[in-house]
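Given the coordinates of chain D, assemble chain P onto it according to the supplied hints.
Quick mapping for you: the protein sequence lines, in order, are chains D and P.
Numbering follows our numbering, with no gaps: position 304 of the first sequence is 314.
Numbering follows our numbering, with no gaps: position 35 of the second sequence is 1154.
Treat the hints with care, as some may be off.
Derived DSSO-like pairs: lysine-lysine, alpha-carbon spacing no greater than 30 Å straight-line [unchecked claim]: (1) P:Lys1262 x D:Lys416; (2) P:Lys1210 x D:Lys446; (3) P:Lys1228 x P:Lys1128; (4) P:Lys1221 x D:Lys280; (5) D:Lys446 x P:Lys1199; (6) P:Lys1221 x D:Lys94; (7) D:Lys386 x P:Lys1211; (8) P:Lys1221 x D:Lys123; (9) P:Lys1211 x D:Lys438; (10) D:Lys416 x P:Lys1228; (11) P:Lys1225 x D:Lys446; (12) P:Lys1221 x D:Lys438; (13) D:Lys416 x P:Lys1190; (14) D:Lys228 x D:Lys386; (15) D:Lys302 x D:Lys250; (16) P:Lys1228 x D:Lys438; (17) P:Lys1211 x P:Lys1228; (18) P:Lys1256 x D:Lys446; (19) D:Lys446 x P:Lys1211; (20) D:Lys438 x P:Lys1199; (21) D:Lys250 x D:Lys123; (22) D:Lys446 x P:Lys1125; (23) D:Lys446 x P:Lys1228; (24) D:Lys438 x P:Lys1190; (25) D:Lys446 x P:Lys1190; (26) P:Lys1125 x D:Lys416; (27) D:Lys446 x P:Lys1262; (28) D:Lys438 x P:Lys1210; (29) D:Lys251 x D:Lys228; (30) D:Lys446 x D:Lys315; (31) D:Lys251 x D:Lys278; (32) D:Lys416 x D:Lys280; (33) P:Lys1210 x D:Lys416; (34) D:Lys371 x P:Lys1211; (35) D:Lys371 x P:Lys1210; (36) P:Lys1221 x D:Lys99; (37) D:Lys386 x P:Lys1225.
If you're looking for bench data, these hints aren't it; they were derived computationally from the structure.
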Amino acid sequence: MKEFKQSPYKYIEESVLIFFAASFFAFFVNYTLVDSIDRITLLEILASLGIGFGISVIFGIISGFNKQKIIKVTDNEIIISAKKTTAYKFEDLKALDTVTTFVLRRVGIVKVKIETEHRCIIFYIQKTDEQSFLNSMPEKILPSNFEKDKSLSNLKLNLIINLITVTINFLIFSVCILPAVLSLVAKSSVDIVWRLSAILYFLLLFWEIILFITRYIKYYRYRYNISGGKINITCGKLIKKSFYLNIENITAVYFSNNYISRLFNLYKIKLLTRGSGKGLIETNYFPFMMNKEAAIGILENLIPKEVIKAPLIRPKKATIFPSLVIWLLPVCFLLAVSIIGSFLFLLLLIPIALFLIQTFKNSGRNETVDYYILQKGFLSITRIFIPVAKIERVDAIMTVTCRVLKMTYMEIYLSGYRAVVFGGYLYKCDFDNFVKNINELS
Amino acid sequence: MNGYIKNDKSALNYRLTVMSFLCLLLLIVPVILIIIAHNLSAFAGLIYIICSIFILVIITFTIINAYISYKIYCYRIDDKGIEIIRGFIYKKHIYQPRNKIKQIIKINKKIIYKNLCDIIFVNDAYNVIIRNITLEKADEILKENFEGVYYNEGV
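Bound conformation, chain D alone (with noise of 0.2 Å):
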């Protein structure tokens, strides 16, 4: 039997986290109450600074008087003792993640999440300890070797799509804004608005910056391996995170591309396990586009060929008029509504009826032996995979319109905290077939 002590710094993370917080909303606070920024003097940002510093010392000590958390690990289960003693087998668990942040390097700490049939147990252990702990956890989910895969070395292609994909959706942002900040600012003479936008441009610029940079730093930190029913991947520098995960444990398998990235040819895979509707665990494994053939084959990693391969189909009577109906009717309403003296919001309809054409050439679904295929979207085609044996529920909403057009829009719930899956509208007849199929395979 091993044992690890929950590092006592646990804390520190969260109280910087917390010191920049608090110190912000000072300043926040300070900057609000006073007319002009050029008032603002050094000494209030420092009582600014010092404030944020003394909750977050307050902070620290109140955590750091928490009860330490033992980890021992044996031959068939992990034991957490705290105030409470918990066991948890190894057959429960279902995926692993190792982060390790700027602050908890410098302290000697990682972070360890275990995700197991009913929640997800986090605690933070020394750094010198991980390999052992690693070590001691069950085959299924244990750590391989990373090696960097060379079908994801596009990098340049990556980083240039990531730039464009980023700059149209400010420009587009802009765009929307704009108009409404330019009519706020001509009713109205107050300075507050400009203000309130130029932060607002600000902040959405430098989150922009922040996700390219990000990105740019991943790419060269990412590993991956797929080899014996487990997926291991590692990636981050001011984050470092690792994750172990089963494939067993995966209950959708997300496959798409963008209206930029198909023009490369570029593909994106997501992931959806059962912890990943909390939150706490990562969908994201592969965060970079791909090369057609690098997808293809983490996808036969993660389901069968035939699965992949299978052609999508849309039922015979199938025909654009229904979604046409249900987008169109709400729309024509809120129009007529709206319409006083002119005609020229009409026009709005014509991209409307655009979105939905192109929307319904895109959809398209198909059943196989042990998996149901589903594809949807506009700009962002998606591919869902879903393995039949993990759907746990199946709604079928019917709103007024839908029941008069003998339609639904169906829901598939699958095993996990809010994992869901929109799976569009389709006829209610298609709808108790695929219930009737579900019931057959299970």
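Chain P in isolation, oriented as in the chain D frame:
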């Protein structure tokens, strides 16, 4: 609809009682407005009319919603699984495969309607609940469909 079971009349009464309490809570807003309007002679008439319409709409909607929801609500339990149809404007057809049920919980109502209960079918995702069924019916369902699996008579 073939094989679907409807709820007892007491389920409607229970729903009406619950909705009435919610209705009373909602009525606090117009009452406060009327009290304020009493001191404002200029807009008093207008506020009285708006509040009256609001109260009327709430009461009517409560009764209609409770009645139609009760009429629509039905469920079916067979060898394959559980099906529930519920909802009024936003109608939902829930399907729960039988082999995915992990646990069954029966919760008795303890206030006023003591003969009613809810049955919760626990799965790995979102639970499925059959609401407001009589105790006799609940026992009958559990005995018929789940005896020896999740249910032992006389517990």
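Results for each hint:
At most 30 Å may separate the alpha-carbon atoms for a hinted pair to count; Lys1262 (chain P) and Lys416 (chain D) exceed this at roughly 36 Å. Distance restraint check for Lys1210 (chain P) and Lys446 (chain D): the Cα-Cα separation of roughly 21 Å lies within the 30 Å cut-off, and the hinted pair is therefore satisfied. About 16 Å separates the Cα atoms of Lys1228 (chain P) and Lys1128 (chain P), which keeps this hinted pair within 30 Å; it holds. About 28 Å separates the Cα atoms of Lys1221 (chain P) and Lys280 (chain D), which keeps this hinted pair within 30 Å; it holds.
Restraint check: the Cα-Cα separation between Lys446 (chain D) and Lys1199 (chain P) comes to about 9 Å, which is no more than 30 Å; the hinted pair holds. For the proposed pair Lys1221 (chain P) and Lys94 (chain D), the alpha carbon gap of about 26 Å is at most 30 Å, so the pair holds. Simply put, Lys386 (chain D) and Lys1211 (chain P) have alpha-carbon atoms about 22 Å apart, close enough for the 30 Å limit, and the pair holds. Between Lys1221 (chain P) and Lys123 (chain D), the direct Cα distance comes to roughly 26 Å. Compliance with the 30 Å bound is thereby established for this hinted pair.
Only pairs whose Cα atoms come within 30 Å are accepted, and Lys1211 (chain P) paired with Lys438 (chain D) is accepted, the gap being roughly 12 Å. As the CA atoms of Lys416 (chain D) and Lys1228 (chain P) are separated by approximately 37 Å, the hinted pair breaks the 30 Å bound. Restraint check: the Cα-Cα separation between Lys1225 (chain P) and Lys446 (chain D) comes to about 28 Å, which is no more than 30 Å; the hinted pair holds. Simply put, Lys1221 (chain P) and Lys438 (chain D) have alpha-carbon atoms about 28 Å apart, close enough for the 30 Å limit, and the pair holds.
Note on Lys416 (chain D) and Lys1190 (chain P): the hinted pairing holds, with a Cα-Cα distance of about 20 Å set against a maximum of 30 Å. The straight-line distance between the Cα atoms of Lys228 (chain D) and Lys386 (chain D) is roughly 29 Å, inside the 30 Å bound, and the hint therefore holds. Among the hinted pairs, Lys302 (chain D) with Lys250 (chain D) is consistent with the structure: their alpha-carbon atoms are about 27 Å apart, no more than 30 Å. Between Lys1228 (chain P) and Lys438 (chain D) the alpha-carbon distance is near 35 Å, which puts this suggested pair outside the 30 Å criterion.
Pair hint Lys1211 (chain P) plus Lys1228 (chain P) holds up; C-alpha atoms about 24 Å apart against a cutoff of 30 Å. A C-alpha spacing of about 27 Å is found between Lys1256 (chain P) and Lys446 (chain D), which places the hinted pair at or below 30 Å, so the restraint holds. At roughly 18 Å between alpha-carbon atoms, Lys446 (chain D) and Lys1211 (chain P) fall within 30 Å of each other, so this suggested pair holds. About 19 Å separates the Cα atoms of Lys438 (chain D) and Lys1199 (chain P), which keeps this hinted pair within 30 Å; it holds.
At most 30 Å may separate the alpha-carbon atoms for a hinted pair to count; Lys250 (chain D) and Lys123 (chain D) meet this at roughly 13 Å. Restraint check: the Cα-Cα separation between Lys446 (chain D) and Lys1125 (chain P) comes to about 23 Å, which is no more than 30 Å; the hinted pair holds. For the hint pairing Lys446 (chain D) with Lys1228 (chain P), the CA-to-CA distance comes to about 35 Å; that exceeds 30 Å, so the pair is violated. Using a Cα cut-off of 30 Å, the hinted pair Lys438 (chain D) and Lys1190 (chain P) holds, with the two alpha carbons roughly 21 Å apart.
Proximity of Lys446 (chain D) to Lys1190 (chain P) is assessed by CA-CA distance (about 26 Å); at most 30 Å being required, the pair is judged to hold. Between the alpha carbons of Lys1125 (chain P) and Lys416 (chain D) the distance comes to roughly 23 Å, so the proposed pair stays at or under 30 Å and holds. Of the supplied pair hints, the one linking Lys446 (chain D) and Lys1262 (chain P) holds, its CA atoms being roughly 25 Å apart against a limit of 30 Å. Simply put, Lys438 (chain D) and Lys1210 (chain P) have alpha-carbon atoms about 13 Å apart, close enough for the 30 Å limit, and the pair holds.
Under the criterion of a C-alpha separation no larger than 30 Å, the hint pairing Lys251 (chain D) with Lys228 (chain D) is consistent with the structure, at around 10 Å. Of the pairs offered as hints, the one joining Lys446 (chain D) and Lys315 (chain D) holds, with about 25 Å between alpha carbons and a cut-off of 30 Å not exceeded. The hinted pair formed by Lys251 (chain D) and Lys278 (chain D) meets the criterion: a straight-line CA distance of about 19 Å does not exceed 30 Å. This hinted pair does not check out: Lys416 (chain D) and Lys280 (chain D) have alpha carbons roughly 33 Å apart, beyond 30 Å.
Straight-line distance between C-alpha atoms of Lys1210 (chain P) and Lys416 (chain D) comes to about 13 Å, which keeps the hinted pair within the 30 Å bound. About 27 Å separates the Cα atoms of Lys371 (chain D) and Lys1211 (chain P), which keeps this hinted pair within 30 Å; it holds. In summary, the hint linking Lys371 (chain D) to Lys1210 (chain P) is supported, as the alpha carbons are separated by about 28 Å, within the 30 Å threshold. Restraint check for Lys1221 (chain P) and Lys99 (chain D): satisfied, since their Cα atoms lie roughly 19 Å apart, inside the 30 Å limit.
Pair hint Lys386 (chain D) plus Lys1225 (chain P) does not hold up; C-alpha atoms about 39 Å apart against a cutoff of 30 Å.
Hint violations for this structure: numbers 1, 10, 16, 23, 32, 37, all remaining hints satisfied.
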